[in-house]
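Student: Chains as they are written, first to last, in full-length UniProt numbering: chain A, 1 to 392; chain B, 1 to 392; chain C, 1 to 392; chain D, 1 to 392.
Rather than coming from a laboratory, the hints here were simulated on the basis of the structure. The reader is advised that the hints may include incorrect statements.
Note: identical chains are not told apart, hence a pair may lie in one copy or across any two.
In silico lysine-lysine, DSSO-like type, Cα no more than 30 Å apart, as pairs [unchecked claim]:
{"hint": "1", "residue 1": "Lys386", "residue 2": "Lys338"}
{"hint": "2", "residue 1": "Lys386", "residue 2": "Lys214"}
{"hint": "3", "residue 1": "Lys338", "residue 2": "Lys214"}
{"hint": "4", "residue 1": "Lys220", "residue 2": "Lys338"}
{"hint": "5", "residue 1": "Lys214", "residue 2": "Lys317"}
{"hint": "6", "residue 1": "Lys220", "residue 2": "Lys97"}
{"hint": "7", "residue 1": "Lys131", "residue 2": "Lys317"}
{"hint": "8", "residue 1": "Lys386", "residue 2": "Lys97"}
{"hint": "9", "residue 1": "Lys336", "residue 2": "Lys131"}
{"hint": "10", "residue 1": "Lys54", "residue 2": "Lys386"}
{"hint": "11", "residue 1": "Lys338", "residue 2": "Lys260"}
{"hint": "12", "residue 1": "Lys336", "residue 2": "Lys260"}
{"hint": "13", "residue 1": "Lys220", "residue 2": "Lys386"}
{"hint": "14", "residue 1": "Lys338", "residue 2": "Lys131"}
{"hint": "15", "residue 1": "Lys260", "residue 2": "Lys97"}
{"hint": "16", "residue 1": "Lys336", "residue 2": "Lys214"}
{"hint": "17", "residue 1": "Lys317", "residue 2": "Lys54"}
{"hint": "18", "residue 1": "Lys214", "residue 2": "Lys131"}
4 protein chains.
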Amino acid sequence: MTLHTGRHFLQIPGPSTVPDRVLRAMDMPVLDHRGPEFQALGREVLAGCRAVFKTSGPVIIYPASGTGAWEAAIVNTLTPGDAVLMVETGHFATLWKAMAERLGIEVEFFATDWRRGVDAAEVEARLAEDKQHRFKAVMVVHNETSTGVTSDIAAVRRAIDRASHPALLMVDTISSLGSIDYRHEEWGVDVTVSGSQKGLMLPPGLSFNAISGKALAASKANRMPRSYWRWEEMLAPNAQGFFPYTPATTLLYGLRESLKMLQEEGLDQVFARHRRHGEATRRAVRAWGLEVLAVNAAEQSPVLTGVLMPDGHDADKLREVILDKLDMSLGQGLGKLKGRIFRIGHLGHFNDLMLAGTLAGVEMGLALGHVPHQSGGVATALNYLKETLVDG
Amino acid sequence: MTLHTGRHFLQIPGPSTVPDRVLRAMDMPVLDHRGPEFQALGREVLAGCRAVFKTSGPVIIYPASGTGAWEAAIVNTLTPGDAVLMVETGHFATLWKAMAERLGIEVEFFATDWRRGVDAAEVEARLAEDKQHRFKAVMVVHNETSTGVTSDIAAVRRAIDRASHPALLMVDTISSLGSIDYRHEEWGVDVTVSGSQKGLMLPPGLSFNAISGKALAASKANRMPRSYWRWEEMLAPNAQGFFPYTPATTLLYGLRESLKMLQEEGLDQVFARHRRHGEATRRAVRAWGLEVLAVNAAEQSPVLTGVLMPDGHDADKLREVILDKLDMSLGQGLGKLKGRIFRIGHLGHFNDLMLAGTLAGVEMGLALGHVPHQSGGVATALNYLKETLVDG
Amino acid sequence: MTLHTGRHFLQIPGPSTVPDRVLRAMDMPVLDHRGPEFQALGREVLAGCRAVFKTSGPVIIYPASGTGAWEAAIVNTLTPGDAVLMVETGHFATLWKAMAERLGIEVEFFATDWRRGVDAAEVEARLAEDKQHRFKAVMVVHNETSTGVTSDIAAVRRAIDRASHPALLMVDTISSLGSIDYRHEEWGVDVTVSGSQKGLMLPPGLSFNAISGKALAASKANRMPRSYWRWEEMLAPNAQGFFPYTPATTLLYGLRESLKMLQEEGLDQVFARHRRHGEATRRAVRAWGLEVLAVNAAEQSPVLTGVLMPDGHDADKLREVILDKLDMSLGQGLGKLKGRIFRIGHLGHFNDLMLAGTLAGVEMGLALGHVPHQSGGVATALNYLKETLVDG
Amino acid sequence: MTLHTGRHFLQIPGPSTVPDRVLRAMDMPVLDHRGPEFQALGREVLAGCRAVFKTSGPVIIYPASGTGAWEAAIVNTLTPGDAVLMVETGHFATLWKAMAERLGIEVEFFATDWRRGVDAAEVEARLAEDKQHRFKAVMVVHNETSTGVTSDIAAVRRAIDRASHPALLMVDTISSLGSIDYRHEEWGVDVTVSGSQKGLMLPPGLSFNAISGKALAASKANRMPRSYWRWEEMLAPNAQGFFPYTPATTLLYGLRESLKMLQEEGLDQVFARHRRHGEATRRAVRAWGLEVLAVNAAEQSPVLTGVLMPDGHDADKLREVILDKLDMSLGQGLGKLKGRIFRIGHLGHFNDLMLAGTLAGVEMGLALGHVPHQSGGVATALNYLKETLVDG
């Protein structure tokens, strides 16, 4: 491995770069998680989370990976034998499905070619058929981290409503929260799942469930054995700023700081920034003569871009060259996309010059890796960035 | 609340003081958890954990609180309807029991007065009666954090063996690992549960299962629905230094550093240091005319000391005075001990002068809080510390 | 050397313990020292310094040790051949004198036994004799770090005034600023010298000159060759928040934070805290049967306590035992006090329990080092601390 | 001011980006600067400095800015009235000259147009004329930070030798040490001046004098009043790893780490990296149709590039646009170049993608600031970087 100097470019689609402010906020002595100082912290982060999820209802914070919050959504609301509807938007939807099955849930899984999002009409049609309300939930991924495809969650909500179906709507926002516009309450989501290490700009280790009144009611009636993930255990102490078991204190320090940063920048500005960087990246990809995995413009992710390799070229070899020669980590193709795509993360604590460095790394890597392409992607992206810089 | 200066004394029995070296090791950029640099880290910490648990078998690391590792031990090995034997050594044993019950396990719970540890003879007798091997596991707490009582795990092992009973032995070492001598393999433990925030000197957020071959075999046959905690999912990627879902990267940086610190000091020296500080603390308590909760000398914890309040005096009022006036956090009485005891943590990254400050805080607090006592506890402890300082 | 765990007790009379908040404030990327963000920082710290020195005039900040600020005071106001009056309060007064002489200044040096402060009457008498105003300055140390003796600066001012003498008054407050009441303007001091690593709770590396209008006028007329220390070079850029050469940016980040901490606690509370810890320490010393170096009660330092060893015992051997066995650093005897005293620092980021740990370390060390003493010092100090804890 | 996210690009020619490893090394508790742990640190950094300066003689470390080390070089070797020869390579040479004059030195100052380095032949000719050896020193700047011009120090040495002149050779390497090949001993330099905040990748606050035996002898005979900067005071305690006054402890922690990083990468690799980045930057500048300030290829700096603005365009307006819109700091034109050039720093902890981001920022800024230019600079630089990436 080549010895590197300077900053590593961590351009996987999460974990994203943790801001120095956040790292330093976490680099502080642990405190008594049952004392008054912790209580103030607990209250502050719980309130701040509600603002980011856009909900007036409870948000549960787990000391766990995002995968844990997936499990929490399931075990609180579903029971072995229940049926749910899911859409195979990519690798993470597939993993969530496999988890549901391991937990005894029966999953009907709508296929896609991993290049597009949820087809709300298909969901509506299927639910309309389900007169017995066998489906207890519709479970979808807002932003498929494995493909760079975003789904229209409001449309899924309308589909469920038009089918007059009581299924819960459960949404994975692990790689969208704090980066792409998302509205738990307005969109009538019942359980929103998220994680700390993407738009929230934290290290991995915290995950979240935002829950509706309907989801909470379902959980009270639910017989699935569960304990760690049990919402009811959380809600009472949370109301006082506390947690039922030892929370990940230093990550909560970081959360307080990153919520403050999102608020300072303003969520709408944060979202606009991500959209602009997504567009610049796609322009670069097209200028290279390569193909963006996501086929529908409206579904192309502001958070990451999946790029198809020309036939006969291995994305992982390219990524290895780029890591070795240019000290940049890109996301690999996951599941059935292994070797066929690479993923460029452009999320979180990020700006124009970091994007320029990132795209330069890809363009140089394509050359070093002997991947057929046209040069000029960086120049194209810079032009777009330049033109869209707001005069202030 | 009084404004404080200087260092806070965090003398709860965990989370314990995180060393500066460990905090700084965690204060570093996140890296790609699928790349080669992470892989080296993964391998190093997994190997280091085996040394601390004293096992040649696998140790699973969860991004979760210790409570999560409790759940992992249960859901991997037991199925709703299974019976287990537990001993009510205190509040945490009681919580673990409640969790087991929520997960559908039937628990036979041996009572104690919360002032002593596991009675191995009682376990042996009960298992000997259980000719049908209805009990699938014996689940005990090595060091009851709520009381300051340590149980003899090797004796429990011998009890099971003498009863020729196939039950698994599952042990909670959340507050003992890395502070009190513990030997997963030699003592024939099947599942050892632990956490990051006590003897490992890390913030909360990681927890552990060390597992025997027998436990692993049981898990393969086990039908309990589970996914996040599933050992089998962990073992294959762990063999390469990776994890099946995003690990808590920065806590793993910290773990690497704290394992290094334990190794530098030497586990035997670490254990001796804790025993000495436990003894010094108890001498102070007796000199104050107060009573140590743990009644048997052999079971008095090297990690924390539970102190009984004189009748008519509220431990939480005392703790509040000490926090407010002296900026020290002590552990509260939990469960049925609420208000009746306070707990002094003397574990982890700790030394003689920190203990002197701690005991001084208690002695001053007793006076400020008008708790009847004799002065001289600090002096007595200092004498003991002095006498036992090794000439080097 | 014994391997240590837990926190080191840094009880030298400075550098003092740097608070975590301050260390973390410094642990941030450097910024452009000619840009607008730096400018805001520059203005904030320059204003904050005026508050701590209690002056409405300029305070100069040097990227240098306190020794550099001594030199700055001299080279800006004096010329080779000038005479000054100094008082040999201890080692640092002696060093300052040696520096003045190396810079060509003629020093008349009033002797003391290093156990008392400046005799203002003596100063007055000498100045009254000096009809030709040969003395250009009176230079004294506010708090002698080598002895633990504080001098009455207001009295020195009155002495000069009563003698109607035009000499400048220059005062070293390196170990008193931010710990002992000090008033540059009210007391009519012309140049106050200070440093970052004591009451300001920073690492070493910054030092200060607060200057009166009279001192500034003297500097304009002064012929001593100088450049780095030249006040006039500083004042113009400082007025805009900038510096004439690259400032020690990260130390200025820390200064901003420590000034904030002093302001939050309130200077009067800070001073009272130091006085109380000084008194507690001296009571411990007397209870041990040892002698405090400073003989006059009014001059005993709130910042540090010099302790005389019994005849035939070497203070440095004691300090070595304490460092090796108890991981505490104490100050050594300097100059002619080498081996005869040790110095206990009780300044800066400090509190009751840290003092308790400190005194416990001394008491244990006296026993371990076989220094004749009575035990009970810690107990005596704790009694005093207890009695004087304000009810709030 | 626009609110920024992501990392600031600090592309002034120093202070340069401080690596996280170095910042974290400094973020540690201060220790007793008279104790054994400090002594080991002192010895290690003093030895490490000798390796970087390439000298077997002493290197003095001052707690001061680079400006302080300039002063130290002068006051230790020269006396008011002495004459020296200097070359006006740019703003910093001019400042050093002004300092020398303030210290009473008579300077003969060879003019240049600030676009080229020292003319060794001119030096030789002048020294050859100086039969009385009136010139006590030749003082030159190795890398003019204000222009991006590097001078050939070995040639200056040969010029002095050819003139058989006894003048000391004093060289400012503040912005070259650790970035451009430099050999104190081999090149026969008598005093090398340097600072911490450029190639050494530290915050500002430390500076250095490497000294030859001849310089040391001169200092012993020298009558200039001095104290803080006095070499002789330093050498005795330095031999034991100590310092005569309180050193800037935390900066020394950082120095230890940055010396380790330079050693890990290897000085020759470090120099090659800087040369390659310099060349890439100049190619970008030319592709933009702009002019590099340094006219001679052999003198163009590997550390920074000064870029001339087209007539009628203000460099500071451009820099302001770039700072405001793109969050990048560039160096301003200094002295007579104010507004006429901007300076791009490409030194220290730096790599290809950081350079790509930097050049992208300049190219976008030129467009945003309506500065006439051709696009394509970034593309040209990337081509060069790509072609020169070593296969490994």
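Student: Any hints this thing doesn't respect? Which numbers, in order?
Tutor: Violated hints: 2, 3, 5, 7, 8, 9, 10, 11, 12, 13, 14, 15, 16 and 17; rest satisfied.
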